[in-house]
Every structure is written in structure tokens, then in C-alpha cells.
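For reference, the chains in residue letters:
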Amino acid sequence: MTITLIFLAVIMATLIFWLLRQTLNMQPWVSDPEADAVSGMSLKSNAQTIGLTTFLAVATSMFALFASAYTLRMTMPDWSPMNEPAVLWVNTGFLVFASIAYQWTSSVALKKNAKQIRLGLIIAGIFSILFLVGQYSAWQQLIDKGMYLNTNPSIAFFYVLTAMHGLHLLGGLYVWGRSVIRVSKDTDIESIRISVDLCTVYWHFLLLVWALLFSLMIST
Amino acid sequence: MAFVAFADRDHEQEHHDPQTFLTKYVWSQDHKVIAIQYGGIAILVGLIALGLSILMRLQLGFPNSFAVINPESYYQFVTMHGMIMVVYLLTALFLGGFGNYLIPLMCGSRDMVFPFLNMLSVWFYFLSVIILLASFFVPGGTTGAGWTLYPPQSISAGTPGAGMGIILMLVSLAVFIVAATMGGLNYVTTVLQARCKGMTLMRMPLSIWGIFMATVLALLAFPALLVSAIMMILDTTIKTSFFMPAMISAGEQLSYNDGSPILFQHLFWFFGHPEVYIVALPAFGLVSDVLATHARKNIFGYRMMVWAILAIGGLSFIVWAHHMYVSGMNPYFGFFFATTTLIIAVPTALKVYNWVLTLWQGNIHLRVPMLFAIAFIFTFIHGGLTGIFLGNVVIDLPLSDTYFVVAHFHMVMGVSPVLVVFASLYHWFPLMSGKMYNETLGKWHFWLTFLGAYSVYLPMHYLGFQGVPRRYFSMGNTDFLPESAQMLNASITVSAIILAAAQSLFFINIFMSLWKGKKAEKNCWGATSLEWLTPDQPPKHGNWGHDLPVVHRWAYDYSVPGQEQDYTPQTVPASEVPVGREHGVSTGFSFETDQEK
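Line by line, the protein sequences are chains G and U. Under my numbering, the first residue of the first sequence carries the number 2, and numbering increases by one thereafter. Under my numbering, the first residue of the second sequence carries the number 28, and numbering increases by one thereafter.
No lab work stands behind these hints: they were computed from the structure. The hints are all genuine.
Calculated cross-link-like contacts (lysine to aspartate or glutamate; reagent style EDC-like; alpha-carbon spacing at most 16 angstroms):
(1) K116(G) / E191(G)
(2) K224(U) / E35(G)
(3) K546(U) / D563(U)
(4) K146(G) / E85(G)
(5) K266(U) / D285(U)
(6) K224(U) / D574(U)
(7) K462(U) / E548(U)
(8) K266(U) / D79(G)
(9) K224(U) / D37(G)
Let's have the full structure, built from the sequences with the hints guiding it.
Have a look at this one:
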């Protein structure tokens with residue numbers, strides 16, 4: 002459980018430190034004209050960004066717990082390391098390109114250029130779909146070799162971790178699809194920009210999670 | 028809609044207004060309607076769990092007298108009672124019910140920031156309840172593995188519901204977690220980003236602090252349950268060996284290898300212990316506000332109360348293995364968790380002292396909400412003290428499998444939060460409905476509940492010391508137990524039946540009051556917090572009419588010296604308060620006492 006504890010220690014310490022900073026020198030029973038003027042927003046960010054950040058904390062908690070379970074389970078005698086399919090390296094490349102494409106889209110969204118936003122979104126989407134297809138082909142290779150979920154715990158973890166990661170990417174692709182439709186309809190670019198920015202963060206997050214999971218799997 | 032924060036589009040208010048019956052009462056995105064939907068579902072499913080507990084008690088009090096209760100069904104009742112009460116009633120009611128109702132109102136917002144997601148949350152919750160209840164009707168019935176669902180027992184042949192029952196339970200939990208996450212994102216974001224002008228974090232009522240921190244815990248801890256549910260579903264259906272060890276069942280070697288049941292226990296309690304505080308922290312917050320309002324005194328040590336909530340939240344993640352002392356852990360490991368468990372008692376005790384000191388020399392109005400709130404202090408001290416017993420490894424080991432543990436966790440996590448639920452429901456009922464409840468009926472309900480709860484759970488401590496084992500369908504030939512133990516069990520069962528029947532008074536009161544009750548005056552308790560200051564009672568959609576409130580003070584200006592009335596609402600600016608008496612101070616004197624001086 003060390004991985005989870007480290008993650009939680011960081012999250013809780015950050016949150017509690019931030020909250021303590023907000024509360025330490027306050028005397029709420031004393032009237033304070035400065036406090037009367039406070040806007041009621043604790044962070045200089047929009048609600049969607051706070052919502053996404055919170056969701057990322059939840060998702061990180063889940064993946065950290067899976068990683069903890071993985072490291073705990075691999076100490077049992079029946080564990081045998083698996084040979085991960087080579088296609089995973091190619092898939093990792095697809096996800097890196099998807100992330101780069103989103104980063105580029107985010108930067109052109111600042112210039113409110115709808116055509117470039119659409120182009121960036123389509124490239125990011127194609128690489129993301131290629132990643133998912135690649136993951137599926139990795140599963141197929143394992144199945145062809147007779148390596149099923151119940152063959153060995155390391156293989157079971159591979160299926161579960163890639164499935165959970167893939168589901169998160171599918172969720173992201175739903176939002177991506179909405180963005181593509183909206184940008185094609187020439188709706189408000191500003192709202193699309195927010196969506197692109199949030200997706201960019203989400204794709205980077207999924208890349209980081211995949212990099213960590215992949216490292217964990219190939220190193221054990 | 029899902030991606031547009033409500034807080035960022037106040038100008039679109041009219042477009043958001045529900046136009047049809049369906050959008051107003053069924054697919055509603057209004058936080059108040061969603062709160063009532065959450066509360067209604069939670070209470071209904073809670074009543075089922077209450078009924079199951081009575082069936083269990085009938086067997087324990089009068090063994091083998093009822094044909095419908097056999098060993099299999101007994102374990103199914105135990106399991107479903109525990110799971111429903113902890114997750115589907117208390118968690119849902121505190122976060123989904125009170126959280127939804129109070130966060131926007133107490134923070135001065137029009138609604139949650141993501142109303143569509145909020146609506147999805149309640150319907151996912153409803154779906155999880157349906158799936159859970161469906162497990163009663165599948166072949167083999169619902170799971171009887173105990174609410175902890177420990178493998179290998181939970182998915183091994185011979186355990187009731189080891190087939191479809193456990194699968195439906197796990198799927199239901201997964202759906203519940205999705206619902207809780209969607210709700211939790213709303214609560215956290217609304218508290219952080221959608222408060223009205225002047226509502227600094229330190230001006231928030233403690234109810235909001237408690238619900239906020241509990242939500243953070245839920246968001247971070249529920250994934251542990253999700254992870255274990257996913258892996259156990261695979262162990263059950265595809266025969267993976269995440270948790271299932273190599274074993275022989277009915278003379279046959281099963282296909283499992285070296286799965287780790289202890290891994291499941293770690294994951295389960297990594298969720299399970301914060302879950303205690305997911306239920307407790309909102310209760311702490313709500314009871315603080317009820318106590319301050321009805322004692323006409325500012326809450327004692329507000330800042331310490333906030334910091335205690337933060338400390339409890341942080342510490343609650345490093346105490347989980349005190350539930351696993353009997354699993355054969357390394358003694359140093361046990362020492363660590365015993366130490367952290369005792370440390371978490373410090374901020375918890377601090378809160379208890381502050382509640383008691385809030386009452387000290389207060390102008391206490393013993394109305395129904397206050398009676399329940401004071402009763403909570405009694406039961407929580409009681410349950411907390413026995414928790415210190417059980418936090419120590421050497422005491423826990425002999426008591427772990429006895430009724431002492433049942434008594435402890437029911438006092439601290441069952442009776443105490445439920446008393447706060449009643450305190451809060453009576454306290455905010457006039458706001459939610461616009462009607463007053465019947466005070467006399469409410470007091471009958473209180474005394475029967477309070478005395479009934481004690482007559483059920485106090486004797487259980489004694490049974491535990493005698494060594495009466497928990498989880499047993501029947502005691503059989505247990506020579507070390509005197510006959511009086513069985514007499515005590517019978518007495519507990521009779522008390523439990525009276526206690527359960529007494530809850531009908533609450534429902535009669537609520538329904539009669541809704542139907543024929545007196546109209547409640549606006550801000551009938553003379554409260555200071557924003558929810559009582561809406562233009563309409565009950566608040567209409569959007570809560571605040573045209574203008575959002577502006578806050579000028581904290582939520583605890585009760586009995587401020589020099590003020591004509593014994594409360595100063597949060598919206599009253601300092602300029603409207605006599606010079607030199609512009610704020611409440613921790614005098615410890617009630618308004619009346621100050622007048623007499």
C-alpha cells in the first residue's frame with residue numbers, strides 16, 4: 002500500500018496545507034471589510050477546471066490502488082512475470098502523439114482559429130483511436146498465445162489495468178467527439194477553447210498514468 | 028449542460044428553470060429536489076435494513092422460533108443490514124441528502140455547479156439500490172458474506188448468495204461509487220468556487236466544513252472499494268486469483284492459485300475506515316450548527332473545530348489496519364496503527380469538548396432537534412470511549428469477535444449519526460416544507476429512540492465482556508455463557524422491536540405535518556446562516572430571487588451583547604450593528620445573562 006499512501010500523503014498534505022493557509026490567521030468572529038469583498042471563489046480558475054482536477058485526483062487514487070494491489074500481489078509464489086507484447090511501445094508512441102496534438106490544439110485555440118482547432122482535434126482523436134486499437138491488438142496477441150485473464154495474476158493485472166486506462170480514454174473521446182461537432186458547427190470558440198484546454202490536461206494525465214503503469218508492468 | 032458550470036452562467040437562470048412536471052420533480056436538476064430524492068430513497072432502503080435487523084434480533088432473542096429465519100437467511104439479513112445502513116443509507120443521506128440541500132443554500136449559491144451531473148448522480152444511486160435489492164430475488168438470494176465481503180468466504184460454495192448474490196452486490200457498489208463521485212465533484216467544486224460574495228472559507232458554517240471534508244474522503248477512499256469490487260467480480264466470474272487462494276471445496280481442488288485474501292482486507296479497510304468519517308464528519312458539522320442555534324450561543328472554538336475536521340480527515344487514511352488486528356499482522360504494524368488510532372481520538376475529543384462548552388451557560392431551548400443533538404453527544408462519547416478500548420491491540424484481540432464490537436460500532440456509527448439525522452431533519456424540516464412538525468410527537472419520538480437505543484446497545488457491551496460471539500446464528504452448547512446471557516438477548520430484542528416501532532412516530536409526524544401542519548414562520552429558530560434567509564420558504568428554484576446574498580459575518584453571531592435580538596444573520600453588515608459591539612465574542616454568557624447584568 003506504499004504507493005497509495007505516498008499519493009494520499011501528497012494530496013492530503015497539499016489540501017490541508019492550503020486550507021490551513023486560508024484559515025490560520027482568520028478571526029471570523031471579527032468584522033472584516035476585506036472579507037466582505039471576497040468573491041466566494043477560492044481559486045482563480047473556472048469551475049470546470051476545479052471539477053476536472055478533482056476527478057483526476059479520484060482517478061489517480063484508483064490507479065494508485067491498482068498499482069498497490071499489483072505490488073502486493075506479485076509477492077505471492079504463483080506470480081510469473083509476463084512478456085508484454087512489443088506493440089505496446091508503438092501504442093505508447095500513439096498516445097504521446099495524441100498528447101502533443103492536443104497541446105498544439107490548445108495553443109492554436111488561444112488564437113481562436115476554428116480550422117486549426119478542428120485539425121488539431123482530428124489528429125489528436127486519430128492517434129487516440131490508434132492507441133485503443135493497438136491496445137486491443139495487444140489483447141488479441143495474448144489471447145492467441147493462450148494467455149487469458151485466469152492464466153496468471155500478472156496477465157490478469159495487464160488486462161484489468163489496460164481496460165481501466167482504455168475506459169478512461171473512451172470517456173475522454175466522448176468529450177473529444179462533442180468538441181469536434183461543436184467546432185464544426187462554428188459555435189462559440191471560447192467555450193470550445195475551455196473544452197480543449199480541459200481535454201489537453203486530461204490527455205496528458207492519461208499519458209502519464211499509462212507511462213507509469215507500463216513501466217510498472219515491464220519492470221516486474 | 029454537463030460541461031457548463033452553473034456558477035459561471037448566472038445570467039442563464041431563466042433557461043435553467045424547469046418547465047414541466049418531469050423536469051421539475053423527476054429529472055430535476057434543482058439541488059433541493061435532488062436532495063429530497065436522495066433522502067427519500069435512502070430512508071426507504073434504510074427501512075428495509077431496519078426490518079432485516081428485527082429479523083436478526085428475533086432469532087437472537089428467541090432462537091429457532093421462527094421458521095422463516097434459517098442460518099442462510101440470517102447471514103443474508105446481517106450482510107444486507109450492514110451494507111445498506113453504512114453505504115446506502117448513511118453515506119447517501121449525509122452527502123447526497125444534506126450535502127445537496129445545504130451546500131448551495133448555506134454557501135449562498137443558486138445551485139450546484141454541475142446540475143446535470145448532479146441529476147445523473149441521484150439516478151445512478153437509484154440504479155445501485157435497484158441492483159442491490161434485485162439480489163434478493165436471484166437464485167441463491169443475496170450475499171450472506173457479512174458486510175465486509177471477505178474472500179474466500181464470500182465467493183465460496185456454502186456461503187449464501189455466493190453466485191449471483193455477491194456479483195449483484197459488487198456491481199451495485201460499483202454503480203454507487205460512480206454516483207458518489209458525480210455528486211462529490213459537485214460538492215467540492217461548489218464549496219470551493221460558487222460561494223456568494225463575502226463567504227470566506229472561515230465564514231462557512233461547520234455543516235459545510237464537515238460535508239466538504241467527508242466528500243474529499245469519499246472521493247479518495249471509494250476507489251479502494253471500486254478496485255476491490257472489480258477484482259472480486261473477476262475472481263467470481265472468470266476465476267482469476269487476485270484474492271482467492273488455492274483451496275479445496277467439498278473435496279474438490281478449485282482452480283484458484285495463490286490469491287491474497289489479506290490484500291482484499293487492506294483494500295476494503297482502506298475504504299472502510301475513512302467511510303466511518305465519511306458518515307461522522309457531516310454529522311459533526313450538522314450537530315454543531317443545531318447545537319449553536321438552539322443554545323443561542325456561538326459555537327465554542329470554531330477554528331479548532333475546523334482544524335479538527337481537517338486533522339480527522341487526514342488521519343483517517345492511516346488507521347485502517349486497526350480493523351485487521353486479528354488477521355495475524357506484524358506486531359510493529361499493529362503498534363503503528365494502534366498509535367495512529369489513539370492520535371485520531373485527540374481532534375475527535377476536542378470536538379466533543381467544544382460541543383459541551385457550547386452548551387455551557389447557553390440559553391438552551393430543549394426543542395426536538397436540540398434533544399437529539401444533545402443525545403448525540405452522549406452516545407458519541409459512549410461509542411468513542413469503547414473505541415479507545417478497541418484501538419489497542421491487546422484489548423481488541425479478545426473482544427474482536429464479541430458483541431462488545433457490535434455495541435461499539437453501533438453506538439459510534441449507527442446510533443450517533445442517526446440521532447444527528449433526526450436532529451437535522453427536525454431542524455431543517457420547517458425550511459424544507461414550510462410547515463412545523465408536532466413538538467409533542469417529536470419529543471415522544473426522541474425519548475423512545477434515545478432510551479430504546481440505550482436499552483439495545485448498553486447490554487451488548489456486557490454480553491461482549493462475557494464472551495458472547497458475534498455473527499453466530501445460534502449459540503449452541505456454550506458452557507461459558509450463563510443463562511442470563513440469553514435472557515439479556517431476549518430483552519435486547521424486545522427493546523429493538525419497540526425502538527423500531529417508535530420510528531413510525533417520526534413518519535406520522537412528518538406526513539401529518541406536511542398535510543395539516545401549521546405554517547412555519549420564516550427563520551423559525553432565529554438562525555444566522557444563509558439557508559434561513561431565502562426570500563421564499565421553502566426556497567424556490569434558484570434559491571435567492573433576483574440577487575444573491577452578500578455575507579458580512581460568520582454563522583455564529585448568537586446572543587451578541589448589545590443586540591436587540593439574540594441572533595445576527597450573516598447578511599447583516601457591520602454598519603447596522605452598534606459601535607464596539609460589532610461581533611460576537613466568546614464570552615460564554617447567554618444574551619439573557621448579559622441583559623441581567
